[in-house]
Amino acid sequence: MLSAEEKAELDRELQQYPARQSACIDAMKIVQRHRRWLSDEALRDIGEYLGMSVADLDGVATFYNLLFRKPVGRHVVMICDSVTCWIMGYEKLRDTLMNRLGVSLGETTSDDRFTVLPIVCLGNCDKAPTLMVDRDTYGNVSPETVEEILARYK
Amino acid sequence: MATVYIDGNRHDADAKQNMLHVSLSLGYDLPFFCWHPAMGSIGACRQCAVKQFKDEKDTKGRLVMACLTPALEDTRISIADQEAQEFRAAIIEGLMLHHPHDCPVCDEGGECHLQDMTYLTGHAYRRYRFQKRTYRNQFLGPFVNHEMNRCIQCYRCVRFYRGYAGEHDLNSFSIHHTVYFGRHEDGILESEFSGNLAEVCPTGVFTDRTLGQHYTRKWDQTYAPSICHSCGVGCNISPGQRDGIVRRILNRYNHEVNGYFICDRGRFSYEYVNSPERIRAPLVRRGDEREVIEKDEAVKIFAEMLGSGEDVIGIGSPRASLEANFALRALVGADRFFSGFSTGEQRLIELMLSIMQTVHVPSLREVEACDAVLILGEDVTNVAARMALALRQSARREPQKKALAARVPLWDDLGVRQVTGDAIGPVFIAFPCATRLDDVAEATYRGRPDQIAQFGYAVAAAIHSGAPPANTDASAQALVKRIAEALRTAERPLVVSGATLRNEAIIGAAANIVYALEREGRSAGLAFTMPEANTCGLGLMRARALEEALESRVQYGTVVILENDLYRRATAAIVDEFLARAGNVVVLDQVNTRTAARANLVLPVASFAESAGTLVNFESRAQRFFPVLPPSDVQESWRWITDVATRRGEFGSWNSLDDVTAAVEQEMPIFRGITAAAPPSSYRIAGEKIPRQPHRYSGRTATLVNISIHEPPPPDDPDSPLAYSMEGYTYKAPASALPFLWAPGWNSARALLKFQEEINGPLRGGPVGIRLIRGDRRGAPEFFSGAPEPVNAPERRWLAVPIYHLFGSDELTHWAPAISSLAPQPYVAVNERAGFRDGAPVAFQSDGATQTAVIKIRSEIPDGVAAVPAGLRETETLRLPAWISIEAI
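Here the protein sequences come in this chain order: D and V.
Reading the first sequence from the start, the letters are residues 1 to 154 in my numbering.
Reading the second sequence from the start, the letters are residues 1 to 889 in my numbering.
This is chain D alone, in the form it adopts within the complex (with noise of 0.2 Å):
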């Protein structure tokens, strides 16, 4: 069952849309936004609630990027694998991360601190190397600054 929240927020959502089933991507980001990542439950609840199928709003989860469907920690890493970010040391800074954590991409720290992902283009090219955490963008990184945003997300 969507909680209270959760259905007053899609509420608000749904007067913007004429059909139901419309609102289904603002609906999943609102759950994750709740319940950090997208359960086959989660899903299941939403589908109660626009009259789709579990299968209807798999299709579109598995589309985007930024909803998940496994479980992901506190705070999600997405390291840019694009042309630009690859050409300006994308490969360096990808290692440095997974060393400081101990984690390979498309894993969670043990403290359930980190998900680390790979994601392709930022739209921030021109300050590569690019990361986002959680909704945060960094340009410019390198191995040397990764320590420094990461101190900021406990």
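Read the hints as simulated data drawn from the structure, not as lab findings.
Everything numeric in this text was worked out from a predicted model, so none of it was measured.
Treat each hint with caution, since some may be false.
[Stated by the list, open to error] Over the 10 Å line for every Cβ pair with chain V, so calculated as not near, a few chain D residues:
1) 43
2) 48
3) 52
4) 110
[As the list claims (entries may be wrong)] Under 8 Å between C-beta atoms, here's a sample of chain D residues computed to sit facing chain V:
5) 51
6) 53
7) 56
8) 95
Think of the CB as a built atom: it goes at the ideal place given N, C-alpha and C, for glycine as much as any other residue.
Knowing the structure of chain D, use the given hints to seat chain V on it.
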């Protein structure tokens, strides 16, 4: 009509079509994947690229997708253009990057559209040198196998499953090179049409799981043109067999009936033919034992049991062919021939047949074109599934008008769906419970059968003031008006009804609605579902009702029962008494039914796969089916009866099916024309019969070499124009005798397009079936009068109504493992106000017998109604509808 030019050749083309449709119709070989003749174009695969030229001076041209290019006047394309050819080869190379090339172990190999198209484009060498993408496959239930690695992302599966069949548990997931087609988790596919995925999928992602259990390549199977025996729709099918085992059923295109698709009950019904429960030899009861006897002895005993024939009666069967029923009728005499319909069913069927004389009964192709539908008292998906799929398309007609108005051609599937969204047209359903078509219904009405009848009468009265009025509850008045208005303003209104609820008034109401529309000057269609393969044919024979025999208390000397389990037709107490009363009971049947178990003599009868005959479908279309299995110890009922008659010196001239069919036609004028339903056994093409085996059939000379090195001649088949052989021609075969489809370069089911007059048109070499009732008594028939007053439910009693299950209610598919694994357990469905807990075990009383079941809570069921599944295996037959009491146990 438009004039178009393809590779410089001038053609007349249908301007409402696209250039792929036109090119294929004209016989050009243009490769494609995502386009499907029933689902239109989406331009996803880019495989049908051609060069288009502005005018005759344009030599440069530009690449376009043929499937998205309208066939407008003066359209000029080139298929052979070098650049277009290279483009198509590049596309298929891209599609094939991750394809596993596992053709030798793939069930699709040899009938794979991807293989055909790859060959057609000329892509032969693989240049991709990297690791291929792999997927996890899913368990999708007993019908369909999943092997995602073979996928080329054409989206046909989801377009069929979601867009055409309207089910939502299959979808496309993920993005770019990891796009995945499946369910959100493992589980049984929910659609009743999932088996079509095996034919819709251009490669081996979705394959027939039952075929996989006894796999044989397409070219190694023997095929026959057949008719599905699993309900009254009469879908055309091609069963395939090898070594005496039926391997699968393929759809056999008939543009008036099933088109490109059949339901899962039809497709997987064949499994019962291979069942160990089949009766394979004659059995005679000696004391408490049943002994296997020789055929000749069985005929001798049968002849003795018939004696002088005076106290002999015959009971026919709606699941047996016209010829079988007719032979029995001829053996025992018309006045001693009883129909074998369930108690109360015959008068409903005769009523429907007499109404059909006065209205237009649409074929399924016409049903699909209807733009307003009222389904009155019928659960179409569970009784006539293929009709339900057609009705799903009817629901799209009204919204499509908006697309046409916006000048979007109907073949432009994406464009049409952009305009229509999920909009549905005016489809209305009146039934006591939710049905599988409710999602395409604009509104539904729930009521007891008598209330549904009233509701129907009220709709008729609202359409035409001369129709008898009805008392329908005030809450339904607005809906009655809405339906009347929708039907009256539609271009092609349709009413669908049937005998499921065993209610005469519902059938009368359905007729009244159509009569009312006709009085208003509207041309309306009326389709009645028919529960069994030959319900319509047997009904037209006007035999005596089975009840008369069951309840006569006459001491019959011998009762001959034709392919009928009487325990499914009446309550056990009545049948027990009837069988005990008879001197001898002779049962001709395919499986060891409860009735067969009580017979003195059992004769093994050929299944649809072993026999030839004629069936009459719901629209009174007589269609012939032919055997796919070679002759064996089982034989057609009509042949057993002919054998015994010959022994007694009767109907001496019946030597083959053609003789029996001709006798039916001669004796009973209603069946005039049935001999023309298929070519006679004397039919030849260039002196040869039509081969049942593809020309690549392998191992012919080797399969019996362990017994003898001399190859035996193919078995004789006196009943059909087909041979158990590879010799002969299928290409020019008449449509009704086409065993399988193959054309040079087209090994997959898509070879069909080489056999159609044009895409979606009739097969060359028609006709396919003969309509017996032509609605020629049309023109202002009298209205049915007197909708019975609604009954008041007695305290703590429920009106039990029968509910059919596509998987579970059909008799012969009880012996088909995949289908029977999906049958429900016995239940009684009531709403929560009945005061029972979901899943609670209960007992209910009906006809003096106590039944046990579990409660299923379905909140949409009206108060005072209990839905009881009909025809499940090993459940007692109830005389429904009946008032029952339900007690917790």
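We went through each hint and held it up to the structure:
{"no.": "1", "hint": "43", "result": "violated (7 Å)"}
{"no.": "2", "hint": "48", "result": "holds (14 Å)"}
{"no.": "3", "hint": "52", "result": "violated (8 Å)"}
{"no.": "4", "hint": "110", "result": "holds (27 Å)"}
{"no.": "5", "hint": "51", "result": "violated (10 Å)"}
{"no.": "6", "hint": "53", "result": "holds (4 Å)"}
{"no.": "7", "hint": "56", "result": "holds (6 Å)"}
{"no.": "8", "hint": "95", "result": "violated (22 Å)"}
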